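Peer 1: This is what each chain is made of:
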Amino acid sequence: MTRALTHAMIAFAATLRRVGLTVTTESVGQALRALDLIDLMDRDGVYLALRMILTSRMEEQTVFERCFDEFWQLYTQWSFQPEQPSTAAAQEANDLETSEIDPATQSDALVQSIDDVEIDPTERLDLPGQSDIDVLSAQDFSTFTSDQLQEVARLTTEIAKRLARRVSRRRKPSRRRGTLDLRGTMRANIMRDELIDLRRHARRRRRVKLVLLCDVSGSMTLYSRFLLQFLYALQNTFGRVETFAFATRLTRISDLLRGSSSYQLALASLSGVRDWSGGTRVGESLRQFNERWGRLLDPRTIVVLLSDGWDAGNPDLLAQEMLNLKRRAGKLIWLNPLLGDPTYEPLTRGMAVALPFVHTFAPAHNIDSLRMLARHLTVR
Amino acid sequence: MQIKQLEDSMEQAGYVTDPAIGMAVHLAMTLKKPLLVEGHAGVGKTEIAKVMADMLHANLIRLQCYEGLDSSQTLYEWNYPKQLLHIKLEEGGPHSLSEREAAIFSAPFLIRRPLLQAITATDAPPVLLIDEIDRADEEFEAFLLEVLSEYQVTIPEIGSIKAVHPPYVVLTSNRVRELSDALRRRCLYLWIDFPGFEKELRIITRKVPEIDERLARQISQFMETARTLRLAKLPGVAESLDWAHALCSLHADHLDENLIHETLPCIVKDADDVKRLKRELAGKGIERFVSAGSLSTAQ
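From first to last, the protein sequence lines are chains A and W. Taking numbering that gives the first Met the number 0, the leading residue of the first sequence gets 0, the next gets one more, and so forth. Taking numbering that gives the first Met the number 0, the leading residue of the second sequence gets 0, the next gets one more, and so forth.
Keep in mind the hints are simulated off the structure, nothing from the lab. Quantities reported herein were computed from a predicted structural model and do not represent experimental measurements. Any given hint could turn out to be false.
Derived pair list, reagent style DSS-like, types lysine-lysine, alpha-carbon separation capped at 27 Å [unchecked claim]:
hint : chain 1 : residue 1 : chain 2 : residue 2
1    : W       : K268      : W       : K206
2    : W       : K232      : A       : K325
3    : W       : K268      : A       : K330
4    : W       : K232      : W       : K31
5    : W       : K277      : W       : K232
6    : W       : K274      : A       : K325
7    : A       : K330      : W       : K232
Listed next, the stretches of chain A that the computed footprint assigns to chain W, with coverage defined by at least 3 CB atoms under 8 Å from CB atoms of chain W [claimed, not checked]:
hint : stretch
8    : 27-40
9    : 51-57
10   : 288-297
Beta carbons are placed, not taken as given, at the ideal position from N, Cα and C, and that holds for glycine.
Next comes chain A alone, as it looks inside the complex:
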């Protein structure tokens, strides 16, 4: 193993990590071992071997391919240089490689945009009861001050946890009902001559999976901060959740929400998702979901769509994709923050088109309404 190769490999791993791949030290070692087994002059062979070890999803392969070129250049270049590359040089090479997609700059931009929202001059400040839970519970999300944010965050997390417990509850083993548990019975009667004490076990209640689709377009701005908070909490308490954000296009944010240690960090990594200028294209976003992520759906999956239904897209497409969703998912819930207003009627074109396909149409404008969500999170 040449030092040039080891160096190039380490720089390569760093590059891959920066573009978002999970590359462990173990897999770097593994990769170096694999390179021992193959012809190092064969570029394609090296490419295939490293791809097999350093990626673990089909989706990662394009970005891997892009980075590999740079690795190969470094490796060949360093191999033919008399002196070994300095760490600074490697660092520099890395910086060059990743300057286009530096996550740090992105998150700065978003933190900035969050700050902008928080000092929004239109925000209402004349509100009662800073931390009175009852008041908070019924208060519309769009009217919260930044002071109340913390309390709301705590409450939404609390509700998400309770929901998670509720949905993942299983039936207990049973002595009277269910099928005979031979294994248990044998154990229970091992000291006897006859089988007296029959053990049974009831089927576990099947757990549901959640797919959350959250509208983050301009018209939802006032709500999406809180709803994303809720999604973050759900994602981190509930094992089987996939979360997507959409405005004019769809982005999977499960990993962003799951990976981050705090909500603020999670939000910071969501910068690419937010699409403040454009309108909403629910139909198009759902089409993208069905096409690319349709495999997530099955009869045990509940799809929760969070949107106000202001759709600038093609209504036929919306109807078509709602039908696709309904066919494949166990249940389709549409949460609409506007429904909290007693005078609201779902007359927007998008909402009217989508409504026939929805199993449950419920409000999501305050904490009480999120609490009510528990009732709907079961399949059959």
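Given the coordinates of chain A, work out where chain W should sit on it, guided by the hints.
Peer 2: Chain W in isolation, oriented as in the chain A frame:
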């Protein structure tokens, strides 16, 4: 070179391979890491394990996953009827209770399920195929992870069993469900895409040797185009082969529109897809799928 030899022997075993698959099998066998194979239905994921077993002259142990799979179906189970019978026969016998107990919880009363079989292989490492892991529950995935990291299982009544010859492991997934990162990290990863024209042609002529050369080319072209349409269920290689067989039994030596209409059920199996493909054929004609060149020139 080693990999070239490996690819050759895969071809000899009847598997049409490509450099990526060759490399995957090579690394899986030399690094002794589990190989996770993902790809659309019908691209030959399961075949990889079979051809590995073939080349190694090893036993192929297959575990087909489905929802609700648990350790009694994958690892081991006590043979209850046999145990009960034994207890009955032993009634009034001279053995003490603890002797009886030891007897009925011993190896002859153990039903070995695939994972245990793979771990207890005595002569040579077998090939363990864990098929469609994405159909099993997450709990099973976690359990599997444990088994795959140590190749050791514990049966309370007998003790720990550690593999003398750790198996070669191949896992396949159709991506019905996302697999956990932990499992992915433990494996080498291979994504098998639909084959390109050349590879598919090789597969068809290999598996359906009696086929007309021109027809085989046309099928490969047709399938390549059909997979670019937005179909709900994209046809795989298995469908190409079905189609090739069907066309052969109709003594066809080239494709024409009538023939395609009649045999469409071989390749698309969804009512909407059939409609869509027919519309495409009616609108743009057969030339949309099969180049004019191959319609006139044989070879």
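Peer 1: A separate judgement is required for each hint: does it hold in the structure or not?
Peer 2: The hints, checked one at a time:
For the given pair, W:K268 sits about 22 Å from W:K206 by alpha-carbon distance, which is consistent with the 27 Å threshold. Under the criterion of a C-alpha separation no larger than 27 Å, the hint pairing W:K232 with A:K325 is consistent with the structure, at around 18 Å. Of the pairs offered as hints, the one joining W:K268 and A:K330 holds, with about 26 Å between alpha carbons and a cut-off of 27 Å not exceeded. For the suggested pair W:K232 and W:K31, the alpha carbons sit about 34 Å apart, so the restraint of at most 27 Å is broken.
Of the supplied pair hints, the one linking W:K277 and W:K232 holds, its CA atoms being roughly 15 Å apart against a limit of 27 Å. With a C-alpha separation of about 21 Å, the suggested pair W:K274 and A:K325 falls inside the 27 Å cut-off, and the hint holds. Restraint check for A:K330 and W:K232: the C-alpha separation of about 23 Å stays at or below 27 Å, so the hint holds. Only residues whose beta carbon comes within less than 8 Å of a beta carbon in chain W count, and the stretch 27-40 of chain A has 6; three or more means the coverage holds.
Proximity of the stretch 51-57 of chain A to chain W, defined as three or more residues with a beta carbon under 8 Å from a beta carbon of that chain, is established by the 6 residues found. Check on the stretch 288-297 of chain A: 4 of its residues sit with their Cβ under 8 Å from a Cβ of chain W, so the three-residue criterion for coverage holds.
Hint compliance for this structure: hint 4 is the single one not met.
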